[in-house]
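Here is what each chain is made of, one letter per residue.
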Amino acid sequence: MYRFDTMTKLLQWLFMLALLGGTWATLTLNLLGLDPLPPPVYQVLWLLPTYLLVTFGCYSLGTVGYRLATFNDCEEAARELHAQIREARDDLAQRGMKF
Amino acid sequence: MAASRDKYSVLLPTYNERENLPLIVWLLVRSFRESGNDFEIIVIDDGSPDGTQEIAEQLIKIYGSDRILLRPRAKKLGLGTAYIHGMKHATGNFIIIMDADLSHHPKFIPEFIRKQKEGNFDIVSGTRYKGNGGVHGWDVKRKLISRGANFLTQVLLRPGASDLTGSFRLYRKEVLQKLMEKCVSKGYVFQMEMIVRARQLEYSIGEVPISFVDRVYGESKLGGNEIVSFLKGLLTLFATT
Numbered sequence: 001m002y003r004f005d006t007m008t009k010l011l012q013w014l015f016m017l018a019l020l021g022g023t024w025a026t027l028t029l030n031l032l033g034l035d036p037l038p039p040p041v042y043q044v045l046w047l048l049p050t051y052l053l054v055t056f057g058c059y060s061l062g063t064v065g066y067r068l069a070t071f072n073d074c075e076e077a078a079r080e081l082h083a084q085i086r087e088a089r090d091d092l093a094q095r096g097m098k099f
Numbered sequence: 001m002a003a004s005r006d007k008y009s010v011l012l013p014t015y016n017e018r019e020n021l022p023l024i025v026w027l028l029v030r031s032f033r034e035s036g037n038d039f040e041i042i043v044i045d046d047g048s049p050d051g052t053q054e055i056a057e058q059l060i061k062i063y064g065s066d067r068i069l070l071r072p073r074a075k076k077l078g079l080g081t082a083y084i085h086g087m088k089h090a091t092g093n094f095i096i097i098m099d100a101d102l103s104h105h106p107k108f109i110p111e112f113i114r115k116q117k118e119g120n121f122d123i124v125s126g127t128r129y130k131g132n133g134g135v136h137g138w139d140v141k142r143k144l145i146s147r148g149a150n151f152l153t154q155v156l157l158r159p160g161a162s163d164l165t166g167s168f169r170l171y172r173k174e175v176l177q178k179l180m181e182k183c184v185s186k187g188y189v190f191q192m193e194m195i196v197r198a199r200q201l202e203y204s205i206g207e208v209p210i211s212f213v214d215r216v217y218g219e220s221k222l223g224g225n226e227i228v229s230f231l232k233g234l235l236t237l238f239a240t241t
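Residue numbers (the working numbering), protein chains in the order written: chain A, 1 to 99; chain B, 1 to 241.
No lab work stands behind these hints, which were simulated from the structure alone. All values derive from a computational prediction rather than experimental measurement. It is possible that some hints are incorrect.
In silico DSS-like pairs for lysine-lysine, Cα to Cα no more than 27 Å straight-line [said to hold, decoys possible]:
#: 1; chain 1: B; residue 1: K7; chain 2: B; residue 2: K178
#: 2; chain 1: B; residue 1: K141; chain 2: B; residue 2: K173
#: 3; chain 1: B; residue 1: K107; chain 2: A; residue 2: K98
#: 4; chain 1: B; residue 1: K173; chain 2: B; residue 2: K7
#: 5; chain 1: A; residue 1: K98; chain 2: B; residue 2: K75
#: 6; chain 1: B; residue 1: K88; chain 2: B; residue 2: K115
#: 7; chain 1: A; residue 1: K9; chain 2: B; residue 2: K75
#: 8; chain 1: B; residue 1: K173; chain 2: B; residue 2: K115
#: 9; chain 1: B; residue 1: K186; chain 2: B; residue 2: K173
#: 10; chain 1: B; residue 1: K117; chain 2: B; residue 2: K173
#: 11; chain 1: B; residue 1: K7; chain 2: A; residue 2: K9
#: 12; chain 1: A; residue 1: K9; chain 2: B; residue 2: K232
#: 13; chain 1: B; residue 1: K76; chain 2: B; residue 2: K141
#: 14; chain 1: B; residue 1: K61; chain 2: A; residue 2: K98
#: 15; chain 1: B; residue 1: K178; chain 2: B; residue 2: K115
#: 16; chain 1: A; residue 1: K9; chain 2: B; residue 2: K178
#: 17; chain 1: B; residue 1: K178; chain 2: B; residue 2: K88
#: 18; chain 1: B; residue 1: K130; chain 2: A; residue 2: K9
#: 19; chain 1: B; residue 1: K130; chain 2: B; residue 2: K232
#: 20; chain 1: B; residue 1: K232; chain 2: B; residue 2: K182
#: 21; chain 1: A; residue 1: K98; chain 2: B; residue 2: K76
#: 22; chain 1: B; residue 1: K186; chain 2: B; residue 2: K75
#: 23; chain 1: B; residue 1: K88; chain 2: B; residue 2: K75
#: 24; chain 1: B; residue 1: K61; chain 2: B; residue 2: K130
#: 25; chain 1: B; residue 1: K7; chain 2: B; residue 2: K117
#: 26; chain 1: B; residue 1: K232; chain 2: B; residue 2: K178
Next comes chain A alone, as it looks inside the complex (with noise of 0.2 Å):
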């Protein structure tokens, strides 16, 4: 048996993209031919992946944009840093260390 969580990442997204292609085609061109939806559905259907699209884009820039604006600056960090280095330095000069 083939499983999904053994499959590739890129196997899992043609097998998702598949499915849900499938099933988005199979609806708005009617490929089963069922009754026509109702053109409020469908209106909004034809349009789906459009919206989907737009949204994950959005998505991405809002997460992307928010983890830029908040990613944080470790001056403290930095500061500790240099005065241990100095410290180091100090401390192995006694114990004999020639840099």
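Starting from the structure of chain A, add chain B where the hints point.
For chain B alone, kept in the frame of chain A given last:
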């Protein structure tokens, strides 16, 4: 106390780090002495022409050959093989890998150890992207690339860890050995592959926020080449794991 049975071997791959090596060793020794954990530091120098090994010899005289081990190699052979080489000489049951350029501060190691014990984790990874974690010395462009690359990686690989390209981590020795057998990539991608393979092998991963202070001495690198090889590596992992 359980702490007394565990020993931590720090692997420090170096190439032209004569400025940084004594400082990182000093900080490591202090951190371990304060936390009371047993340790050794294994310096794997790839034939640095700047006298890194001579500095290491001096450190051995100061701290003792049971604490500092110099296990050099003749020439520059890459990170993955440096870890394999270092591990052959490691006597600890845990391995800590970190950069020797002071961007990874040893003060976080006691937190790694605490985290490991808390969840009995196989791996504890430092993360710049969570909690109090962060970076110093990066401009907005570099931060954007880093955040963007990280987001893309999270979406494509869903790795179950927030910092894939970082290289400040603690591993159970046998876990690192197993991972080294599986991993084939180089550079940034190597660190990514370690986490991805770890998840495949169902190892548990804990995370500790770290502050990353970009190189004080020497040059930091992020060019177009790094970005291209990162993307290549990401896509390779995407298609093969």
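For each hint, the structure was consulted:
Proximity of K7 of chain B to K178 of chain B is assessed by CA-CA distance (about 19 Å); at most 27 Å being required, the pair is judged to hold. For the hint pairing K141 of chain B with K173 of chain B, the CA-to-CA distance comes to about 37 Å; that exceeds 27 Å, so the pair is violated. Annotation: proposed proximity of K107 of chain B to K98 of chain A holds, straight-line Cα distance about 25 Å (limit 27 Å). Straight-line distance between C-alpha atoms of K173 of chain B and K7 of chain B comes to about 10 Å, which keeps the hinted pair within the 27 Å bound.
About 25 Å separates the Cα atoms of K98 of chain A and K75 of chain B, which keeps this hinted pair within 27 Å; it holds. A threshold of 27 Å between alpha carbons decides the hint, and for K88 of chain B with K115 of chain B the separation of about 26 Å falls inside it, so the pair holds. Our distance criterion of 27 Å between C-alpha atoms is broken by K9 of chain A and K75 of chain B, whose separation comes to about 37 Å. The suggested pairing of K173 of chain B with K115 of chain B holds, with an alpha-carbon distance near 16 Å, which does not exceed 27 Å.
With a C-alpha separation of about 21 Å, the suggested pairing of K186 of chain B with K173 of chain B holds against the 27 Å cut-off. Between K117 of chain B and K173 of chain B, the direct Cα distance comes to roughly 15 Å. Compliance with the 27 Å bound is thereby established for this hinted pair. As the CA atoms of K7 of chain B and K9 of chain A are separated by approximately 37 Å, the hinted pair breaks the 27 Å bound. Our distance criterion of 27 Å between C-alpha atoms is met by K9 of chain A and K232 of chain B, whose separation comes to about 15 Å.
Of the supplied pair hints, the one linking K76 of chain B and K141 of chain B is violated, its CA atoms being roughly 31 Å apart against a limit of 27 Å. For the suggested pair K61 of chain B and K98 of chain A, the alpha carbons sit about 12 Å apart, so the restraint of at most 27 Å is met. Among the hinted pairs, K178 of chain B with K115 of chain B is consistent with the structure: their alpha-carbon atoms are about 22 Å apart, no more than 27 Å. At most 27 Å may separate the alpha-carbon atoms for a hinted pair to count; K9 of chain A and K178 of chain B meet this at roughly 22 Å.
Distance restraint check for K178 of chain B and K88 of chain B: the Cα-Cα separation of roughly 13 Å lies within the 27 Å cut-off, and the hinted pair is therefore satisfied. For the hint linking K130 of chain B to K9 of chain A, the alpha-carbon distance of about 24 Å falls within 27 Å, and the restraint holds. Restraint check for K130 of chain B and K232 of chain B: satisfied, since their Cα atoms lie roughly 26 Å apart, inside the 27 Å limit. Only pairs whose Cα atoms come within 27 Å are accepted, and K232 of chain B paired with K182 of chain B is accepted, the gap being roughly 19 Å.
For the hint linking K98 of chain A to K76 of chain B, the alpha-carbon distance of about 25 Å falls within 27 Å, and the restraint holds. Taking the CA atoms of K186 of chain B and K75 of chain B, the gap is about 17 Å. The hint holds against a cut of 27 Å. Proposed proximity of K88 of chain B and K75 of chain B is supported: the alpha carbons are some 18 Å apart, at most 27 Å. A hinted pair counts as satisfied when its Cα atoms are at most 27 Å apart, and K61 of chain B with K130 of chain B does not qualify at roughly 39 Å.
Of the pairs offered as hints, the one joining K7 of chain B and K117 of chain B holds, with about 13 Å between alpha carbons and a cut-off of 27 Å not exceeded. For the given pair, K232 of chain B sits about 24 Å from K178 of chain B by alpha-carbon distance, which is consistent with the 27 Å threshold.
Checked against the numbered hints given earlier, the structure breaks hints 2, 7, 11, 13, 24 and satisfies all the rest.
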